[in-house]
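Could you build the full structure based on these sequences and the hints that come with them?
Chains as they are written, first to last, in this note's numbering: chain A, 1 to 113; chain B, 114 to 231.
If you're looking for bench data, these hints aren't it; they were derived computationally from the structure.
Please note that a few of the clues may not be correct.
Claimed, not checked - Per label pair, the in silico range of CB-to-CB distance:
id : chain 1 : residue 1 : chain 2 : residue 2 : range
1  : A       : Q80       : B       : Q169      : 46 to 54 Å
2  : B       : N180      : A       : S87       : 34 to 42 Å
3  : A       : T76       : B       : S155      : 21 to 29 Å
4  : A       : E20       : B       : S154      : 25 to 33 Å
5  : A       : K15       : B       : T133      : 37 to 45 Å
6  : A       : R22       : B       : P122      : 28 to 36 Å
7  : A       : D63       : B       : A114      : 17 to 25 Å
8  : B       : A194      : A       : Q41       : 28 to 36 Å
Said to hold, decoys possible - Short derived list, chain A residues pointing at chain B, Cβ under 7 Å:
id : residue
9  : L43
10 : E101
11 : L102
Given the structure is predicted, the values throughout are model-derived calculations rather than measurements.
Don't be surprised by glycine CBs; every beta carbon is placed ideally from N, CA and C.
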Amino acid sequence: GAGVSQSPSNKVTEKGKDVELRCDPISGHTALYWYRQRLGQGLEFLIYFQGNSAPDKSGLPSDRFSAERTGESVSTLTIQRTQQEDSAVYLCASSLMNTGELFFGEGSRLTVL
Amino acid sequence: AQKITQTQPGMFVQEKEAVTLDCTYDTSDPSYGLFWYKQPSSGEMIFLIYQGSYDQQNATEGRYSLNFQKARKSANLVISASQLGDSAMYFCAMRGAAGGTSYGKLTFGQGTILTVHP
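Okay, here's the thing in structure tokens:
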């Protein structure tokens with residue numbers, strides 16, 4: 001597709017369950033980013049990939065959060081043992097190399113009951 | 114470390130008037146890039162405008178212009194001739210230069226909600 005694709009668009013889960021969020025970047029974009037946005041808040045940086053390596057994981061809130069990327073393609077953000085405070089919209093973005101503007105997906109809204 | 118500050122939680126403007134959204138930043142990187150994004154109620158993030166720290170002129174994109182004052186570390190967004198469709202959340206963001214500690218990721222401010230009145 002032409003844009004960044006994220007799935008699922010909505011996910012409701014029970015506390016303690018694991019969730020996987022997927023991001024399919026724009027073809028040819030080598031840089032991929034994950035952000036978290038709580039309701040009414042700004043964007044909180046989680047992790048950034050250049051190719052399939054992650055030079056900056058500084059934003060991952062805890063060891064329950066992990067992310068991987070296959071080549072210069074799909075990325076998966078995994079949250080283990082979800083907590084209610086994990087409820088947020090998780091936004092993925094990609095950019096050509098690691099310069100220039102970020103192109104965002106529509107986000108995955110996670111609700112932890 | 115980089116920091117972006119948007120001090121206006123909300124702004125109101127009359128349709129067809131101009132409005133300025135404030136953004137100040139702090140960085141130790143010698144060069145950097147500044148971005149503005151718009152987030153309507155639908156949630157999508159829309160890129161508006163970019164300013165490089167060594168660009169000689171202020172960036173402009175249609176009705177959007179960036180009032181870049183490097184010495185004051187401010188990068189205010191000016192929207193001219195406001196339209197009802199401009200009502201949204203607006204985020205200022207910064208990326209550090211290659212080789213710097215903040216290269217790669219964008220650091221975002223907390224945002225300003227703009228409401229355009231008819």
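Quick one: which hint numbers does this structure break? Sort them smallest to largest.
As far as the earlier hints go, not one is violated by this structure.
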